[in-house]
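Enquirer: So you can see what is in the structure, the chains are spelled out below.
Protein chains: 4
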Amino acid sequence: MSELPAEKVAVGVVGASGYGGVQLVRLLTHHPAVELTYLGGDSSAGQSYTDIYPHLAGQVALTMEAVDLEAIADRCQVVFLSLPNGLACKMAPTLLERGCRVLDLSADYRFENLSTYVSWYGVERDDQAMAAEAVYGLPELFRDRIRTARLIGCPGCYPTASLLGIAPLLKQGLAQPETLIIDAKSGTSGGGRAAKTNMLLAEASNSLSAYGVARHRHTPEIEQICTHLARHEVTVQFTPHLIPMVRGILATIYATLRDPGLVRDDLLTIYSAFYRSSPWVTVLPNGVYPQTKWAWGTNRCFLGLEADPRTGRIIVMSAIDNLMKGQASQAVQCLNLMMGWDEALGLPAVTFYP
Amino acid sequence: MSELPAEKVAVGVVGASGYGGVQLVRLLTHHPAVELTYLGGDSSAGQSYTDIYPHLAGQVALTMEAVDLEAIADRCQVVFLSLPNGLACKMAPTLLERGCRVLDLSADYRFENLSTYVSWYGVERDDQAMAAEAVYGLPELFRDRIRTARLIGCPGCYPTASLLGIAPLLKQGLAQPETLIIDAKSGTSGGGRAAKTNMLLAEASNSLSAYGVARHRHTPEIEQICTHLARHEVTVQFTPHLIPMVRGILATIYATLRDPGLVRDDLLTIYSAFYRSSPWVTVLPNGVYPQTKWAWGTNRCFLGLEADPRTGRIIVMSAIDNLMKGQASQAVQCLNLMMGWDEALGLPAVTFYP
Amino acid sequence: MSELPAEKVAVGVVGASGYGGVQLVRLLTHHPAVELTYLGGDSSAGQSYTDIYPHLAGQVALTMEAVDLEAIADRCQVVFLSLPNGLACKMAPTLLERGCRVLDLSADYRFENLSTYVSWYGVERDDQAMAAEAVYGLPELFRDRIRTARLIGCPGCYPTASLLGIAPLLKQGLAQPETLIIDAKSGTSGGGRAAKTNMLLAEASNSLSAYGVARHRHTPEIEQICTHLARHEVTVQFTPHLIPMVRGILATIYATLRDPGLVRDDLLTIYSAFYRSSPWVTVLPNGVYPQTKWAWGTNRCFLGLEADPRTGRIIVMSAIDNLMKGQASQAVQCLNLMMGWDEALGLPAVTFYP
Amino acid sequence: MSELPAEKVAVGVVGASGYGGVQLVRLLTHHPAVELTYLGGDSSAGQSYTDIYPHLAGQVALTMEAVDLEAIADRCQVVFLSLPNGLACKMAPTLLERGCRVLDLSADYRFENLSTYVSWYGVERDDQAMAAEAVYGLPELFRDRIRTARLIGCPGCYPTASLLGIAPLLKQGLAQPETLIIDAKSGTSGGGRAAKTNMLLAEASNSLSAYGVARHRHTPEIEQICTHLARHEVTVQFTPHLIPMVRGILATIYATLRDPGLVRDDLLTIYSAFYRSSPWVTVLPNGVYPQTKWAWGTNRCFLGLEADPRTGRIIVMSAIDNLMKGQASQAVQCLNLMMGWDEALGLPAVTFYP
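Protein sequences, first through last, are from chains A, B, C and D. Note that our numbering gives residue 211 to position 211 of the first sequence, counting from 1, and the numbers run on in steps of one. Each position in the second sequence, counted from 1, maps to that position plus 1000 in our numbering. Each position in the third sequence, counted from 1, maps to that position plus 2000 in our numbering. Each position in the fourth sequence, counted from 1, maps to that position plus 3000 in our numbering.
The hints are simulated quantities; they were obtained by calculation from the structure and are not laboratory data. Treat the hints loosely; a few may be bogus.
With beta-carbon atoms standing in for the labels, derived distance ranges [what the hints assert, rightly or not]: (1) G1173(B) - G173(A): 50 to 58 Å; (2) R1258(B) - R143(A): 37 to 45 Å; (3) Q3172(D) - G2287(C): 33 to 41 Å.
30 Å max Cα-Cα, derived DSS-like pairs, lysine-lysine [claimed, not checked]: (4) K2196(C) - K196(A); (5) K1008(B) - K1090(B); (6) K3171(D) - K1196(B); (7) K2090(C) - K2008(C); (8) K90(A) - K8(A); (9) K2090(C) - K2196(C).
What the simulated footprint calls covered on chain A by chain B, stretch by stretch (three residues with Cβ under 8 Å from a Cβ of chain B suffice, anywhere in the stretch; the number is not a length) [stated by the list, open to error]: (10) 102 to 112; (11) 115 to 127; (12) 247 to 256.
Every residue gets a Cβ at the ideal spot worked out from N, C-alpha and C, and that includes glycine.
Given these sequences and hints, build the entire structure.
Expert: Shown next, in the form of structure tokens:
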């Protein structure tokens, strides 16, 4: 492990009042190499942070400030942007120019090719150069590029769970890419803290449904990385579902094996080897399938595997905490890499069960 | 509608203390053509039924009795068997011989070919003739045979949701059967009332996982009917998941269309036509996907459809109440058919939302 | 039972898009003596009702209309008002003048003395005469007055659960009124369908808290009726809590007995006698405490009792469905009385458990 | 803070497979001054600990062993006993004699006067001397005695939440003790990991009920400490409720103030002063009431206060995580005191919200 810096790195969070923001604040206040120096958000500027989140009483002394990029750049070496889509791409250039490292949790910097973003997000953009510079912040696949990046496009929650389950399959050519089906299930915190009727407990509890079928915006994000892994164009079927729970994503992934003779033990060996140097991915033993709550409040991804000799398919189950490995703690994992620190620094590894 | 009988039909429930049993008791006490004359179960014999289920105070005056087949046959014209697998096949012959109609909610009479049952359930059976006589109690597909049956093998909860979603596809030859993937999600009441650690609220709440991947016993049951519909051997991929809610099943079904030119409107038209005479199946309009709670406490199945032109697949979402259309109320629907009554008699059609 | 009318009574619902509204629509479409002729609400006027609530597909053919009092009075003999506080008192006079019966589900007509309303609700009102004419719609206590009323102020959900638990105590002088403490717990549907951050599943699930301590607006409503029952001024302690569930209220009520020699059996006898003619109140046997889900989707109230010889207190547990007996089905119970019909007509009595 | 020991202290857990056990294992594996050397439990002896709890893969390498007191004493300096009531009192004497410190999480050592235990728990005991030696492990009240103890009777979950809310009232003579009513609400994990029907998700979800009214065994435990604080015999009313959530207790406490002129600000000042040296108790600001999930996975207790000038009562809301401050992490807090370490060592202070 590299040593900690003599001085802590000054870090700011823009958009600190949402769920992504409060995870970042919780993580960064306990991170041994970081000092949180700025919390921002226009709508709550002037409010004490513990007025918004009283459970942090005695832990966070900062007040929410307005979003003034010059002031932020003066006070922060690293800035996390945790804002709705379409805002980060207006802020990051100024911050980068002033020498900040930027980690964006929105979709703005996830696409190498802006035309994909434009067509799926319905927003005009002409900053292709900056988009192309940004590195996709999935450390298990792009560790080296993240180390030297100054701008990170942090992955969506569904793509994180999906790609960690798919990567060994495509990288090793084990499966037929055109057969990939991802049936994903998420807790409702993925919808954010803004009040929406369908996210009310009265509506979402005791029930279950799919949404965004055949047109969810995480589809092209998954496809971009699958295409990269398979080294040819890949189209996937992606279906998200809303589950009556707060946190957690389970992606159940189906693919037809190229070699139907592969058995579960073979696949466990291949997956274990693939993730040998990835401390945050746990390949579960034979016959154990992941529970999403095992990942609650941690940066871990649990993978379970099954091969079905009757159908020739592999079934991969990938479980994460959507707000952690699917969002905030993965961004801090990227920060650790960018700073040359241990990849695990300051990140929670074990939940309290049940 | 045919007229109600001058005298009510005497009905008994063996295995009345479980979740299937209490649904039957609730339905049959409110059914206008039925009189509940016997409730049985060896472990709770002698207990007043409202001691077991106090919410029925003032509604059910019966006491649980021991399982004495002769006594049951004396007092009942129709008997529902709601017991663990392997018991009904020991009781039904006696009851049938004595002239009772029998509706079995276990797996014992679901398989035309006993060898399938034997290999998936691991139990020896040699009553192939009786198994072959039993009719699979899915009224939307086997209405005519049910009308004249004396022994019904009521479908499992997952097969009901799955088959109602799949039937038009296979019957009309719209999809490639070997591409069928059923990703199903169920509330925990499907596991019954017996106390199991993994079904505790402390374990199952706030979490989500798959189970029985590639080997759940509802797989051959689904395949048997798919094979019947497609008129050739069909193998399906079936994956059940445990959802932190009490009731409800959502089956998300994937299949590759034979004609990739079919669009959603075409499919809605085909499905609506297929279920025109089936009052319990609602094909939802364009872009509306079913919520499982819409079916709570009712005999309805809600179907939502999507065609994905990017992948050439159809995605069908099928939602039911696992204890009702997936079990008890579907059995009463079969009873209505067997008795020549209106198919909807005494069955709840609308839930209270939310 | 009085006979049903030759013609169905025409009924309208103003404010049909909320949770109270959708319960009313569900109840009234299945009520044998009623025809639903108008559904209104300004914000959703023009929308098909099944666009708002797709689970009613095939059950309700009406479209939401703007709120035009003259048009409503032309088409309805009875009008339910299910609106935020402060609106009904502007509409009811016109409807009454045109000969309609009016049942208001808001707080506007719950107070005999308008000054109580004004001081707790912070709204000016000068229609004391109309307020005084309105009858408090709790049938178990005011059955006779409801029969002849033309304007009903339907009780709040907490007051319904609380007062049904308290009434025998105060009416018979069994308890010291100044010792009354009501610790009430409610599912989140009591907060309505409007999107609020604290009602999101992500916020309210897995958690529990009190709110409105010592100042909730249902306090004076409970006190008004307690004062009436005790025949002298009564002040109560009322504390509501938000529970991570959709429906249901449990009120746990504490009071010091005047005669500490009373035992549980005495109290059960007194309560059973008090509610002998009230089909919707079930006094549970010795040692059985109510579960809120026993009342789910029904008009029932379950009461459990305990006397504590160590402390000289009675503890009453009162469970209802907050949207049914606590709101919509109780309003229909009042309608039944106003029309001279059987009190139970068209009302659901038994839930599906679990 | 005192320094950490040169060598880690060897610690064992008997009864490690239950919910209390797995919290201890999680806490102790991350505690900087402790080495976990023994995990025991007769029923699971021989099983790898991660077979029981797969989410600990890579974190805990121990195997469950049989309960052999001599072997345990050889390998452990400190032993936590996390067993059903009535077992610890048979094990602790041997362990103490061999020089171990013992922290018992059952009720066996909570009562100074064994006759109270005998009458409420229905078990014969004749080890009054050892019972009298044991110290009640509530650090905020008995910090000094814990520091020098060798045997700790760790408090129950309800008593912890209740007593932290009550202590300032009785210690300062602010309230009339005979008016104390504790209406407590708990998540279902308080019932442990043993499979019971009423704890199934299907039963306990979507519902709410009281249990053990007027006779729950935590009553005398609360009364014992209240009596100690008030310096005269105190009887309390205690009512527990089962809430559809996994973790958390909220105790809503009612008491009549001796001086009805006291206002909320006075009470906040008194409570804040009382807990000034108690880092784990947070007195919330004016008008903020605790959410149980704020304490999830932490050793914190959040207190909210309200004075009601209309009734002369104080209402205290006390929220903890029942498995942490209510059980396992409080036991580790006691260990920290016994060892002369910082009271906060190795204990989690902040949850991830929501």
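Enquirer: So, for every hint listed, does it hold in this structure?
Expert: Hints versus structure:
no.	hint	in the structure
1	G1173(B) - G173(A): 50 to 58 Å	violated, 33 Å
2	R1258(B) - R143(A): 37 to 45 Å	holds, 44 Å
3	Q3172(D) - G2287(C): 33 to 41 Å	holds, 39 Å
4	K2196(C) - K196(A)	holds, 8 Å
5	K1008(B) - K1090(B)	holds, 28 Å
6	K3171(D) - K1196(B)	violated, 45 Å
7	K2090(C) - K2008(C)	holds, 28 Å
8	K90(A) - K8(A)	holds, 28 Å
9	K2090(C) - K2196(C)	holds, 26 Å
10	102 to 112	violated (count 0)
11	115 to 127	violated (count 0)
12	247 to 256	holds (count 5)
Of the numbered hints listed earlier, those contradicted by the structure are 1, 6, 10, 11.
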